[in-house]
Amino acid sequence: MGQLRLLLQVAFRNLFTSKINILIGGIIFFGTLLVVVGGALLDSIDGAMSRSIIGSVAGHIQVYSDESKDELSLYGGMSGEPDLTVLADFSRVRPVLEKHPNVKTVVPMGTSSALITSGNTVDLTLARLRDLYKKRTEQGESAALKESIDSVKAHVRQIVALMEKQRANSKVVLTDAAVDPMEVEALARARTDEFWNSFDADPFASLEFLENRIAPQLPDGDLLELRYVGTDLDTFQRTFDRMEIVDGEAVPHGKRGMLVSKFFYENFFKLKTAFRLDTLKQERDLNGKLIATDPQLQRWVKENQTQTREIIFQLDPVKTHQAVERLQKVLGSKESTLDKLLPEFFTTTDENFDTRYQQFYAELAPLLDLYRLRMGDTLTISAFTRTGYVQSVNVKVYGTYQFKGLEKSTMAGLINLMDLMTFRDLYGYLSPDRKAEIAELQKNSGIKPVDRASAEDALFGEDSGNTLVAEAATGIVDDSKAFEGNQGAVYREDQVARVYSQEEIEKGVVLSTAVILKDPTKLEQTMEELKQVGTDAGMKLRAASWQQAAGFIGQFVLLAKLVLYFAVFIIFVVALVIINNAMMMATLQRVREVGTMRAIGAQRSFILSMVLVETVLLGLVFGAGGALVGSGVMTMLGSSGIPANNEALYFFFSGPRLYPTLSASNLIAAFVIVLVVSAISTFYPAFLATRVSPLQAMQTDE
Amino acid sequence: MSLKNLLSAAAVSVALLSAPVALALEPAAMVQILSVIDDRQRNGGDYKAHIYLEQKEKDKTDNVREGFVYRRDADDKLMILFSKPKTEAGKGYLRLDKNLWSYDPNVGKWERRTERERIAGTDSRRADFDESRLAEEFDPSYEGEAKLGKYTAHRLNLKVKPNIDVAYPVVKLWVDKDTNNILKREEYALSGRLMRTALYPRWKKVFSESKGADVWYPEEIRFYDEVEKANSTIVLIKSVDLRALEANLFTKAWLESKSR
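Quick mapping for you: the protein sequence lines, in order, are chains X and P.
The UniProt record's numbering numbers the first residue of the first sequence as 1 and each following residue consecutively.
The UniProt record's numbering numbers the first residue of the second sequence as 1 and each following residue consecutively.
Chain X extracted, bound-state conformation (with noise of 0.2 Å):
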């Protein structure tokens, strides 16, 4: 006991003297700071990041058939969807896993995605103008429907003398050759009031014309890939309680309809000219960017400038006259069309543009569609299943949702919400049914199967009873029976009213569930036992972790978190070796006093205990001091919150601000390893300290 008293006043008397001391003491200062910030800093990131991938669709653990030949990846793979086999029947599958006391809920899932297409202005225009008409044959003629008929052709007339415009504009650029007169001689004719007189005279042949002839003559519209969570929409909400309704409404009960995602709304159905205006305000407000400084903002801007033909097009002749009177006001300007006065309007700079951006929303945003998609419209979604069908559903629109914190997460927000029962239509399961109705067909066909590689002889040979002259009987085609029974019009209309219930939507085909766990801990040991319950009900399932289940975004997670690990690991190696240059420079500097302390009698012992002893303390008192700053660099950072300023770092986050908080592991790690790492390197400073005779230390020069 007074032996251990002795050596710590040692301990401390020597703790300040030494400047080599003072350095090891720095190290270690800064390696317990860096380890008690960088520790907390990675656990708040990967619990962050846990939070967003659980929270937002995968659950803790995803089940899924274990005769899928891949792995299931919710956010898609680099080589498109996984190959996965069907979950046939939820209904059996659910109470299966609601029988393991640690699962507390498991909802259905099916992913996938697909392509919508929309025409373009003209098209969209045109094809609203013929379900009016089809309406108006259907129902009969009222005053509403002829106000909106004379309404939508006063539009269309109007892009007729837009497009004629463009067409006499672009003649300076264009040769003859590249003009087809065809296309010219439509135009001429949807131009002439002849046209528009006769236009009800036979609508449904002037619409084709229309169609056929002047449509086509403006480019593509537009093609955007969809990506969806087929789901009980009720369960799903319930269970990621992170999810929230920000336009319209949640999907009614058992009903069919989608939720878009208000990330994806934002960025694909809002109107381009708007979502720029917002990206160029957000870019200057939040991340301080300038206009006058920026590429990519000037490029907005200059978009802004000459794509106005969207905001032209859109506006019928009421709205084009209120346009113009508006912006003349706004512009002080007396230029009377819209295609100059908008292209000034948009000259947008970093003094004007603020004023600007709040005169578009209260001046010229009430005159126009701002989004595509309305909350209530039906979106027309094809998808190709994986027989080779295409499936086409029509899918009414509910509202926009997105998951608190994930707002501007572009990997949480690309995900669209459907109900089962759409997901199931898209997904084209074959039902046995159906099977036998194909396999029927192909026996009928008559055909032989042939190998591709010797077709040729095998068609063409000798040997093949093919001819290529041959009498065919005077044909009679039949086809008088051959679509009766395509009830399209009442399945439109039955799909839109029905309510479907809880045991219809929980009967039929899923390809994943995700599971809720009671015991997040328990991840991996009940992911096993999932399993094991699976084939003792008689099914064959296969468990993935959340991360297993993000697909490459959870091997990305994984990734980072080594990278992360590495490096700490790489920063410690060097700390041991500089700790241990430092401790030997220190005992060569004490071999005088070493000697003269083994000469008066102190023990080898003593003297390794002596060397030790300093160490840790050494390491206690600074390590503390690094772990006191590093508390309070944390308490700073948890309260301010570090800041996402990119949307990469949205998802890390888990929100806009990350707020880091320090936990006792943090700190108690953080000691154990700075002073396992000083210990370490004074072994062998304090190993040569025992070698030290009390000869050699009179020897040696002052």
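Just so you know, these hints were derived from the structure itself, not from any lab.
There's no promise every hint is true.
As the list claims (entries may be wrong) - Here are the simulated lysine to any residue pairs, SDA-like style, with alpha carbons at most 20 Å apart:
{"hint": "1", "chain 1": "X", "residue 1": "K408", "chain 2": "X", "residue 2": "Y75"}
{"hint": "2", "chain 1": "X", "residue 1": "K134", "chain 2": "P", "residue 2": "W101"}
{"hint": "3", "chain 1": "P", "residue 1": "K150", "chain 2": "X", "residue 2": "Y75"}
{"hint": "4", "chain 1": "X", "residue 1": "K518", "chain 2": "X", "residue 2": "S50"}
{"hint": "5", "chain 1": "X", "residue 1": "K448", "chain 2": "P", "residue 2": "W101"}
{"hint": "6", "chain 1": "X", "residue 1": "K329", "chain 2": "X", "residue 2": "L368"}
{"hint": "7", "chain 1": "P", "residue 1": "K86", "chain 2": "X", "residue 2": "G428"}
{"hint": "8", "chain 1": "P", "residue 1": "K258", "chain 2": "X", "residue 2": "A127"}
{"hint": "9", "chain 1": "X", "residue 1": "K165", "chain 2": "X", "residue 2": "T422"}
{"hint": "10", "chain 1": "P", "residue 1": "K109", "chain 2": "X", "residue 2": "T378"}
{"hint": "11", "chain 1": "P", "residue 1": "K86", "chain 2": "X", "residue 2": "T422"}
As the list claims (entries may be wrong) - One-sided and incomplete, this derived list gives chain X residues near chain P with beta-carbon spacing under 8 Å:
{"hint": "12", "residue": "G119"}
{"hint": "13", "residue": "R452"}
{"hint": "14", "residue": "D457"}
{"hint": "15", "residue": "F460"}
{"hint": "16", "residue": "G461"}
{"hint": "17", "residue": "A470"}
{"hint": "18", "residue": "E471"}
Treat the numbers as computed from the prediction; the structure is a model and nothing was measured.
Cβ coordinates follow ideal geometry from the N, Cα and C atoms, glycine included.
Start from chain X and add chain P according to the hints.
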């Protein structure tokens, strides 16, 4: 005549004398062959065919359908309408002028498609079902003769004429010397890459009252995708009917009415 000209004349004569026995066809003769091919498949009046389509793809169930092709060659009009399997009934395509419209009764919407549209997701294209317009769309050049099983064929290399939109700009044709029927057709992208091969092993003819002559059609066509090598399509034209069709058949309204 200078020595140089004399030499080149000699070189040309040597080349000509040593050429294969089958002499190259004159451009006019080749255009004549194409016109014959086109003309034999054309009907003066209307045309209706019952077809069968089968698409094979790697790791997928076969995509099989039956349907009808309607043509009014005089007005350049075409409609393809599927009837089986039941879920596909009423889906179809309608060609009006340069527009290829696709229609799905389940959504009641029209969409404009391109020449490259894979009809119903198979390796066939609109032009495979439409009136043959080889002479109008392509310029031929001669590549010699070739044996194909028991047949001897002219090999023609066709390049698309300017300002004409076709799915494949370069086509190689094997045309049977005896019957003038197409045996094989290879289609290339502009880059020279082989995209698709088609084989026509069986041809049939049927007498047309309106034309006053025979109308020919390939009873079977096999398409091989040369990009996705595992994909192939078989088209069967099971029977052909040449009676007049309803006057307003080739309209959107008519197609829509099929799903009411």
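Hint check:
1. In summary, the hint linking K408 of chain X to Y75 of chain X is supported, as the alpha carbons are separated by about 16 Å, within the 20 Å threshold.
2. With a C-alpha separation of about 19 Å, the suggested pair K134 of chain X and W101 of chain P falls inside the 20 Å cut-off, and the hint holds.
3. Among the hinted pairs, K150 of chain P with Y75 of chain X is inconsistent with the structure: their alpha-carbon atoms are about 54 Å apart, more than 20 Å.
4. Of the supplied pair hints, the one linking K518 of chain X and S50 of chain X holds, its CA atoms being roughly 16 Å apart against a limit of 20 Å.
5. Our distance criterion of 20 Å between C-alpha atoms is broken by K448 of chain X and W101 of chain P, whose separation comes to about 33 Å.
6. Proximity of K329 of chain X to L368 of chain X is assessed by CA-CA distance (about 18 Å); at most 20 Å being required, the pair is judged to hold.
7. For the given pair, K86 of chain P sits about 13 Å from G428 of chain X by alpha-carbon distance, which is consistent with the 20 Å threshold.
8. The suggested pairing of K258 of chain P with A127 of chain X holds, with an alpha-carbon distance near 19 Å, which does not exceed 20 Å.
9. For the given pair, K165 of chain X sits about 44 Å from T422 of chain X by alpha-carbon distance, which is inconsistent with the 20 Å threshold.
10. Under the criterion of a C-alpha separation no larger than 20 Å, the hint pairing K109 of chain P with T378 of chain X is consistent with the structure, at around 11 Å.
11. Between K86 of chain P and T422 of chain X, the direct Cα distance comes to roughly 19 Å. Compliance with the 20 Å bound is thereby established for this hinted pair.
12. For G119 of chain X, the interface hint holds, the least distance from its beta-carbon to any beta-carbon of chain P being 6 Å, beneath 8 Å.
13. For R452 of chain X, the interface hint holds, the least distance from its beta-carbon to any beta-carbon of chain P being 6 Å, beneath 8 Å.
14. Contact between D457 of chain X and chain P, as hinted, is supported at the beta carbon level, the nearest pair being about 6 Å apart and thus within 8 Å.
15. For F460 of chain X, the suggested interface contact is upheld, since its CB lies about 3 Å from the closest CB of chain P, less than 8 Å.
16. Proximity of G461 of chain X to chain P holds as hinted, the smallest CB-CB distance being about 4 Å (cut-off 8 Å).
17. Because the beta carbon of A470 of chain X sits about 5 Å from the nearest beta carbon in chain P, less than 8 Å, this interface hint is met.
18. Proximity of E471 of chain X to chain P holds as hinted, the smallest CB-CB distance being about 6 Å (cut-off 8 Å).
Hints 3, 5, 9 from the list above are not met by this structure, while the remaining hints are.
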